[in-house]
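For the protein sequence lines, the chains are A and B, in the order given. For the first sequence, position 432 matches number 432 in our numbering, and the numbering has no gaps at all. For the second sequence, position 433 matches number 433 in our numbering, and the numbering has no gaps at all.
It is worth saying that the hints were derived from the structure and are not from the lab. Being a predicted model, the structure only gives us computed values, none of them experimental. Watch out, some of these pointers could steer you wrong.
Rough simulated footprint, nothing fancy, chain A against chain B, three-plus residues with beta-carbon under 8 Å [stated by the list, open to error]:
no., stretch
1, 102-110
2, 118-130
3, 227-237
4, 257-268
5, 326-333
6, 345-354
Heads up, incomplete: computed chain A residues facing chain B, CB under 7 Å, no partners named [to be verified]:
no., residue
7, Glu90
8, Tyr155
9, Leu177
10, Ser180
11, Leu273
12, Leu275
13, Ala280
Not the full set, but computed from the structure, chain B residues with beta-carbon under 7 Å of chain A [said to hold, decoys possible]:
no., residue
14, Val13
15, Ala14
16, Pro183
17, Arg206
18, Glu209
19, Gly251
20, Gly276
21, Ile287
22, Val288
23, Ile306
24, Met308
25, Leu336
26, Val337
27, Arg338
28, Ile403
Idealized CB from N, CA, C, for every residue including glycine.
Protein chains: 2
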Amino acid sequence: VDEGQRGMVLNLVADLRPADLARIVAHLPLADARTLFDWIPSEQTADVLPELESALRGDLLDDLTSPEIAALLDQLETDDQADVLGDLAETDSAMADAVLPQLEDAADVRQLLTYGDETAGGLMSTEYVAVLETATVAEATEEVRRLAETLDDVYVVYTIDARGCFVGFVTLKRLLLAPSRTPLAKIAETDVVTVEADLDQEEVARIMERYDLIALPVVSANGHLLGRITIDDVVDVIREEAEEDLQRAVGITGDEEISSSIFAVSRGRLVWLLLGLGGAYISGLVIVGFEDALQVAPVLALFIPIVMAMAGNAGIQSSAIAVQGLASGDIWRSDLVRRIGKELGVALINGLVLSVALALIVVASGFGDDTSRLALTAGLALMVVIVLSTLVGATVPLALSRIGIDPALAMGPFITVSNDILGLTIFFAVATVLYL
Amino acid sequence: VDEGQRGMVLNLVADLRPADLARIVAHLPLADARTLFDWIPSEQTADVLPELESALRGDLLDDLTSPEIAALLDQLETDDQADVLGDLAETDSAMADAVLPQLEDAADVRQLLTYGDETAGGLMSTEYVAVLETATVAEATEEVRRLAETLDDVYVVYTIDARGCFVGFVTLKRLLLAPSRTPLAKIAETDVVTVEADLDQEEVARIMERYDLIALPVVSANGHLLGRITIDDVVDVIREEAEEDLQRAVGITGDEEISSSIFAVSRGRLVWLLLGLGGAYISGLVIVGFEDALQVAPVLALFIPIVMAMAGNAGIQSSAIAVQGLASGDIWRSDLVRRIGKELGVALINGLVLSVALALIVVASGFGDDTSRLALTAGLALMVVIVLSTLVGATVPLALSRIGIDPALAMGPFITVSNDILGLTIFFAVATVLYL
Chain A
1 VDEGQRGMVL NLVADLRPAD LARIVAHLPL ADARTLFDWI PSEQTADVLP
51 ELESALRGDL LDDLTSPEIA ALLDQLETDD QADVLGDLAE TDSAMADAVL
101 PQLEDAADVR QLLTYGDETA GGLMSTEYVA VLETATVAEA TEEVRRLAET
151 LDDVYVVYTI DARGCFVGFV TLKRLLLAPS RTPLAKIAET DVVTVEADLD
201 QEEVARIMER YDLIALPVVS ANGHLLGRIT IDDVVDVIRE EAEEDLQRAV
251 GITGDEEISS SIFAVSRGRL VWLLLGLGGA YISGLVIVGF EDALQVAPVL
301 ALFIPIVMAM AGNAGIQSSA IAVQGLASGD IWRSDLVRRI GKELGVALIN
351 GLVLSVALAL IVVASGFGDD TSRLALTAGL ALMVVIVLST LVGATVPLAL
401 SRIGIDPALA MGPFITVSND ILGLTIFFAV ATVLYL
Chain B
1 VDEGQRGMVL NLVADLRPAD LARIVAHLPL ADARTLFDWI PSEQTADVLP
51 ELESALRGDL LDDLTSPEIA ALLDQLETDD QADVLGDLAE TDSAMADAVL
101 PQLEDAADVR QLLTYGDETA GGLMSTEYVA VLETATVAEA TEEVRRLAET
151 LDDVYVVYTI DARGCFVGFV TLKRLLLAPS RTPLAKIAET DVVTVEADLD
201 QEEVARIMER YDLIALPVVS ANGHLLGRIT IDDVVDVIRE EAEEDLQRAV
251 GITGDEEISS SIFAVSRGRL VWLLLGLGGA YISGLVIVGF EDALQVAPVL
301 ALFIPIVMAM AGNAGIQSSA IAVQGLASGD IWRSDLVRRI GKELGVALIN
351 GLVLSVALAL IVVASGFGDD TSRLALTAGL ALMVVIVLST LVGATVPLAL
401 SRIGIDPALA MGPFITVSND ILGLTIFFAV ATVLYL
């Protein structure tokens with residue numbers, strides 16, 4: 001990317017979609033990204049903005065003045081304007097404050113910024129077509145025409161009553177097919193799912209997913225239409241929440257992005273590593289507590305990693321299923337007894353298979369006269385460990401959910417560490433009784 | 001649910017959306033679910049079918065004859081018909097074969113069944129409006145009217161050329177606003193993303209997500225329009241793939257659902273548990289290999305769980321980020337050097353913090369004269385373990401991806417087990433040199 005190649009680069013870039021251009025910008029060194037950002041036409045620049053990760057976007061906007069930023073934002077829908085401004089406010093609130101009043105839709109955007117980032121209000125845009133339910137098809141069509149320039153995606157026309165309260169919607173298909181003098185009230189769908197602005201975005205995603213919606217009206221507590229959420233924004237939410245769940249499961253707090261700084265990444269990973277260190281130290285104390293047993297039969301140390309791996313793994317498997325089921329609504333909080341019954345069945349089968357496998361490994365390895373007693377001890381202890389740690393994994397998320405704590409916290413390191421401690425204690429207790 | 005309550009139950013159920021009714025059916029005992037399924041009107045029964053998990057659906061359809069099933073399916077879109085029939089064929093292929101020819105759209109459904117379950121062809125439906133690009137707005141509107149009964153969700157009209165090849169689309173908004181004699185070719189959008197029928201569904205989801213599409217045309221290799229994929233089906237794919245990723249990360253193979261049988265669940269979890277057992281046995285052999293060191297300094301056993309927890313945890317964190325980044329396209333395979341540089345930075349910081357924390361714990365616990373040497377040994381060994389296991393976690397997924405293996409396999413138990421072995425070896429080696 002140097003000055004001489006400007007024409008060629010612009011030609012290449014002209015046909016790219018915003019999302020693709022954003023990915024290229026994200027992979028360029030910052031200086032080159034700035035140059036490219038300078039070169040491309042302002043309409044394309046505007047479209048790329050919402051696609052960038054916030055850190056990089058902040059770096060690129062750094063060079064611009066507040067009227068320049070406002071001019072870019074004016075080309076976006078209000079929800080994207082609010083997102084970009086909200087991110088900007090975090091790093092450079094003076095600039096965000098300077099940009100806001102210069103926007104065409106300043107009032108709408110200011111209103112959108114009052115909603116929490118992860119709520120329905122934070123997802124919705126104020127670009128929609130709404131007409132009185134007493135209007136005719138022809139009048140509604142005229143309103144669509146009037147707004148057609150500013151609205152890219154129109155699938156429905158919302159109907160409101162004289163007080164401005166949301167009533168229902170008419171699809172463009174019906175508008176196209178109905179005689180032009182039909183009043184909308186006659187053809188409107190009024191059995192419509194709506195949400196309030198403070199609903200959590202995960203719940204919004206679940207509703208749009210469950211009922212296969214492509215747009216969802218957002219209303220105030222007294223029924224006024226505030227905005228609409230489109231499915232493309234919710235798809236991003238679903239992806240983000242899924243990534244967050246996976247990060248939780250491996251013990252990453254916060255939200256690690258590829259562009260996050262080394263310090264942010266380190267901080268997000270350290271919380272659970274430090275807690276894990278504490279938990280593992282307790283596991284270590286359990287082992288040291290059975291030091292005498294280890295001195296008499298050093299071979300028992302062989303089983304420490306096995307017990308830890310199996311307890312941790314079986315527990316995290318059953319906890320992941322419980323967390324997923326609670327999140328999707330397939331498991332209800334009241335399903336505790338049924339869950340325990342099923343997980344017990346699974347644990348008994350897997351415990352039996354793994355115990356027999358371990359016993360066979362011990363026999364195959366051969367430990368002199370003690371071999372059969374050692375095989376029996378190891379197998380029996382592993383059986384108990386698998387059953388208990390599976391049940392702990394399955395029940396803790398449901399218990400947490402019942403007392404109002406996010407069950408995802410129970411997944412990952414927490415279950416692994418507590419099952420390590422539980423598993424080692426059981427193993428050495430069984431070994432002391434049976435083997436020594 | 002008994003006969004006397006029939007009227008009341010039907011009243012309650014009449015206003016429910018299919019997805020909600022499906023959840024209730026899924027939570028009822030099978031006998032009650034059958035009764036309820038019998039009672040509700042056939043249109044509602046049909047809508048509930050695609051929302052049910054396949055095992056339960058199979059049980060409920062068991063009672064019905066092939067004409068009854070065909071009559072239910074005829075009320076669904078072809079993609080749902082194919083999904084239900086495909087599942088049915090797995091448990092009762094004679095019944096599926098009997099149903100298929102009785103369907104109104106038998107030819108379409110038979111064609112859809114030829115595509116792989118997890119491909120664009122498996123997701124698409126054949127319900128769409130397509131007209132010649134030479135047609136006028138009025139003619140296209142007439143075609144929408146003709147198909148309006150069978151097509152619920154129409155957002156666009158596809159245009160094709162005289163050879164039947166896909167050209168582009170006209171949104172209903174444009175159709176509504178354009179003069180009725182305008183030829184479609186004049187107002188059609190022709191810079192359109194299309195996919196071929198054999199494209200993997202994950203790639204389909206990524207494309208629709210990246211370009212914010214609500215419908216995606218599927219074409220054959222020679223450009224003929226075959227069907228269209230709507231975003232609601234892709235939302236389900238995104239959720240499923242995310243759940244699958246999380247299950248992979250905790251070592252569950254296959255796809256565990258809440259309704260899966262105990263044996264299916266047990267099998268899906270056993271694969272990695274058995275491999276983990278083998279890996280942990282090797283870890284155990286490492287410990288036994290350093291038995292002499294443990295006899296001389298039994299306190300070293302204290303650090304076994306710590307090394308295992310930290311090596312496993314740091315590795316799974318960095319591998320999860322690499323797998324996520326590869327899946328979303330934020331990390332490219334060629335980013336190896338940059339990734340290593342960043343992860344090294346993170347590992348050095350976290351390693352330092354954790355090593356100092358461990359050294360302080362050792363000092364605080366007090367181990368007589370040896371305390372400071374033990375603190376130094378443990379801290380230094382932990383530092384090396386954290387750095388190496390973080391780098392292993394970060395690089396293995398990229399390496400696997402380069403040679404064409406699904407990087408998600410590297411996450412979870414595989415990284416944990418190999419880092420356990422690596423970590424324990426390093427720890428005892430360092431301890432032998434520094435401490436003994």
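Each hint, compared with the structure:
1. Beta-carbon proximity to chain A at under 8 Å applies to 0 residues in the stretch 102-110 of chain B; the threshold of 3 is not reached and the given coverage is violated.
2. Coverage of the stretch 118-130 of chain B by chain A is violated [criterion: at least 3 residues with CB-CB distance below 8 Å; count 0].
3. Closer than 8 Å: that is the beta-carbon criterion, and the stretch 227-237 of chain B has 5 residues meeting it against chain A, so the requirement of 3 holds.
4. Proximity of the stretch 257-268 of chain B to chain A, defined as three or more residues with a beta carbon under 8 Å from a beta carbon of that chain, is established by the 6 residues found.
5. Restraint check on the stretch 326-333 of chain B versus chain A: 5 residues with Cβ-Cβ distances below 8 Å, three needed, restraint holds.
6. Check on the stretch 345-354 of chain B: 6 of its residues sit with their Cβ under 8 Å from a Cβ of chain A, so the three-residue criterion for coverage holds.
7. Annotation: interface hint on glutamate 90 of chain A violated; nearest CB of chain B at approximately 21 Å, more than 7 Å.
8. Given the 7 Å rule on beta carbons, the hint for tyrosine 155 of chain A holds: about 6 Å separates it from the nearest Cβ of chain B.
9. With 7 Å as the threshold, the beta carbon of leucine 177 of chain A comes within range of chain B, its nearest partner Cβ sitting at about 5 Å, so the hint holds.
10. With its C-beta approaching chain B no nearer than about 11 Å, serine 180 of chain A sits outside the 7 Å limit, and its interface hint is violated.
11. A least Cβ separation of about 6 Å between leucine 273 of chain A and chain B falls short of the 7 Å threshold, and the interface hint therefore holds.
12. Evaluation of the leucine 275 of chain A hint against chain B yields a violated restraint, the C-beta minimum of about 10 Å exceeding 7 Å.
13. Because the beta carbon of alanine 280 of chain A sits about 4 Å from the nearest beta carbon in chain B, less than 7 Å, this interface hint is met.
14. For valine 13 of chain B, the interface hint is violated, the least distance from its beta-carbon to any beta-carbon of chain A being 15 Å, above 7 Å.
15. At a threshold of 7 Å, the smallest CB-CB gap from alanine 14 of chain B to chain A is about 11 Å, leaving the interface hint violated.
16. Taking 7 Å as the C-beta cut-off, the interface hint given for proline 183 of chain B is violated, the closest approach to chain A being about 18 Å.
17. With a cut of 7 Å, the hint placing arginine 206 of chain B at the interface with chain A is violated, because the nearest CB-to-CB distance is about 10 Å.
18. Against a cut-off of 7 Å between C-beta atoms, the interface hint on glutamate 209 of chain B holds, since the closest Cβ of chain A lies about 5 Å away.
19. This hint holds: glycine 251 of chain B has a C-beta 6 Å from the nearest C-beta of chain A, less than the 7 Å allowed.
20. Taking 7 Å as the C-beta contact cut-off toward chain A, the hint placing glycine 276 of chain B at the interface holds, the least distance being around 5 Å.
21. For isoleucine 287 of chain B, the suggested interface contact is upheld, since its CB lies about 5 Å from the closest CB of chain A, less than 7 Å.
22. For valine 288 of chain B, the suggested interface contact is upheld, since its CB lies about 5 Å from the closest CB of chain A, less than 7 Å.
23. Satisfaction of the interface hint for isoleucine 306 of chain B is found here, the shortest Cβ-Cβ separation to chain A being roughly 4 Å, below the 7 Å cut-off.
24. Nearest Cβ of chain A to the Cβ of methionine 308 of chain B: about 6 Å, under the 7 Å cut. The hint holds.
25. A distance limit of 7 Å between C-beta atoms decides the matter here; for leucine 336 of chain B the minimum to chain A is near 14 Å, and the interface restraint is violated.
26. About 13 Å separates the beta-carbon of valine 337 of chain B from the nearest beta-carbon of chain A, more than 7 Å, and the hint is not met.
27. Below 7 Å, beta-carbon pairs count as interface contacts, and arginine 338 of chain B has none with chain A, the closest being about 10 Å; its hint is therefore violated.
28. The beta carbon of isoleucine 403 of chain B comes no nearer than 22 Å to any beta carbon in chain A, farther than 7 Å, and the hint placing it at the interface is violated.
Checked against the numbered hints listed earlier, the structure breaks hints 1, 2, 7, 10, 12, 14, 15, 16, 17, 25, 26, 27 and 28; every other hint is satisfied.
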